[in-house]
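With the hints as your guide, set chain R onto chain C.
The chain contents come next:
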Amino acid sequence: MKSEYILDAMGEIDEEYITKALKRLSYEVTEKAEVRPIWIKILRRAAMFIGVTLLVMSSSVATVMAFNEEFREEVIDFFIDFFHIEEVEEVPVLPVGTEVTTESMYVEPERTFLDGHIEGRYIHAPFSGNAREGVFTICTDEIELNQGSHYDAYYEENGEFIKLQEFTFSEEYSVLGNDFHISFDWVEHGGQVVLTYIEAEENYRIPANPGPKENMMIELLCYWNTEDGEQVETTYPVLLDLTTGELKDVLSGTGAEKLEHLANRAISEDYTKMLLAQDNGDLYYVDLVAKKLYSVEELSGEKASACSLIGNTLSCWAVEKDVYHAWSIDLITFERKELFSGILNAMGTDKDETGIVYLSGFDTTVHWGTMFGGSYFAVEKSADGSVNVIDMETGDKIPVEGLVWPSVQYDDVIWDISPDGKRLLICGGKIGLKYEYIGVLDFEKMSYLEFARDNVNEVNEWTPYWFDKDTVIIHATDKEQYNVRDYYVYDILQ
Amino acid sequence: MDDNQIIELYMERNEQAIEETSSKYGGFCFRIAYNILANREDSDESVNDTYLKVWECIPPHKPTMFSAFIGKITRRVSLNKWRDKNRIKRGGGQIFLALDELEECIPAESNIEENVECKELASSINVFLGTLSEIERDVFVCRYWALASVQEISSKFRFSESKTKTMLFRTREKLKVHLQKGGFM
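As you go down the protein sequences, you meet chains C and R in turn. Each residue of the first sequence is one higher than the one before, counting from 0 in numbering that gives the first Met the number 0. Each residue of the second sequence is one higher than the one before, counting from 0 in numbering that gives the first Met the number 0.
Pulled out of the complex, with its shape left as it was, chain C reads as follows:
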């Protein structure tokens, strides 16, 4: 092999270069390295794989992992080592064109990067509005595009762009003594509603992920006068059935209809529970079945900064003097259980400190215009860069081997939780047009996938985000025409 000549020649380089490099690797230690022979590792991995497969078939791996520390660490070691990535993707410049027809949209056939764990597609989409919830919105009429007007919605399958049927919703309602005329255009994809056009939002707000057509979330800006004659306002969440026009006032009779200054909401997937936040930071849990409203502060015995709704558990935390403590409330027994305490908030601090670098919960902030009931996991890093994931339901700490927390300042790090809350997209180190790193931390599999991308052609990339629960998307625009877009789409296969 010709490259052996280079390898041999490297053996004769300047000794000063060798010494410095070996110092970096800490190879000057005196004790013998305890390296486990590879054949033993392979056998152990095989055994673990078989073990995991059997467990998946017979019971919950998560349960085993929760109760068996040693088993959990072995399984994590297997999964992390398994996703070692070698190939570097050179981000291509897609064919230039300003055609406004979908026929001219270029899609590179799917190709596998990263040892088969990620499949990539490249899409050139002139005059695209955006891409979210698995749908590309495209305006093929240049005049309408410049007016910021209607978009058509498409999804891509096997290189074909398939237009989604569009519907118009227009109804009038009266809620809490306020009148509303609600009008928008929508499509359905993957069981979820995606809006393609909405009238100027005067007195209602629709989240970016409003849910299915039978129970679409919408917040109505309501006003009423108190007994003192003071006018108060609130953004009152209700559900709409777009097929029948029925408005479902799910909070009616709970007492929540009297809460002033509601700023945020989230609803459970089974529509039995809701979280509400007032703009002063007060949080509420609503049992929609029993029609009962609970103050999270009263349930906890203290004020929570934020919370996460995880099944029948409400996990809460507070930060005092930059230190976290967390607890959970069982929503059936209302018993409080301590999860952890004394963990530093390491976001924005010196990078060598140990502490939590990611934890996102339900509070007064509307995350990216979406409904978000709080993350199931937190991420803690140690001073040496090693990473633990904290299960916010149980408080268990799970080490993530193979992941070194990026050595960049907090301000550089962007993260985005996947729509199902099971993966965290981490990216940062943006220098000019290039991200130094993009990675996906899978909380279910406890694995970390790092993209190996080189934006060598200096494509004008914007921030990566989740296109759907299994797909990361990066859009790039022409430096002057922002509606001429290229999409770099990555399906996470593992």
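Everything labelled a hint here was simulated from the structure, so no lab data went into it. Predicted, not measured: the structure shown is a model, and the values here were computed from it.
Computed list of lysine-lysine pairs in DSS-like fashion (alpha-carbon distance at most 27 angstroms, straight line):
1) K257/C to K272/C
2) K52/R to K84/R
3) K19/C to K52/R
4) K19/C to K175/R
Coverage of chain C stretches by chain R, computed from C-beta distances (three or more under 8 angstroms per stretch; other residues unrestricted):
5) 6-20
6) 436-442
7) 445-452
If we take Cβ atoms under 10 angstroms as the criterion, some of the chain R residues that face chain C in the derived model are:
8) M64
9) L98
10) E102
11) L128
12) W144
13) I152
14) F156
15) K162
Positions of the beta carbon are idealized from the N, C-alpha and C atoms, including for glycine.
Then chain R, alone, in the frame of chain C:
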């Protein structure tokens, strides 16, 4: 014991030199050998062979940087052992990956083996390494001299693996241009 004292023991043909070398550099040599051979028994053998070679070299040679000197011998011995054993790809350590990566520096039509001697190529690579930033050079040497894994390098340098790979990729591209300009291809 510091390196100069160890070297003096070799110069005096005092067998304690090997004991002291083993004590101070045993792990160091083992790491280098293991990166290439990925096998404990073979790596132990390489380390023992290294001690013998060092004993044979000093004197007359008197190294100025003992760690680099013994590291180079370990590397050479291990590479030769690897060639002798003709290992299959899996279980063969980092060396196959490194060789694959370095292939990128050589165009397919190159007849490098006909035109170059190792010393000339080494000299050119030395010049090339001198053009790199300190970090780029250290990362490159860690990968292609010490044959450390990308994961290990990332951990030690506190980089993401993506950053390490990208840096190596770009450096290999630069090496390719350098070797072409130098007439090696």
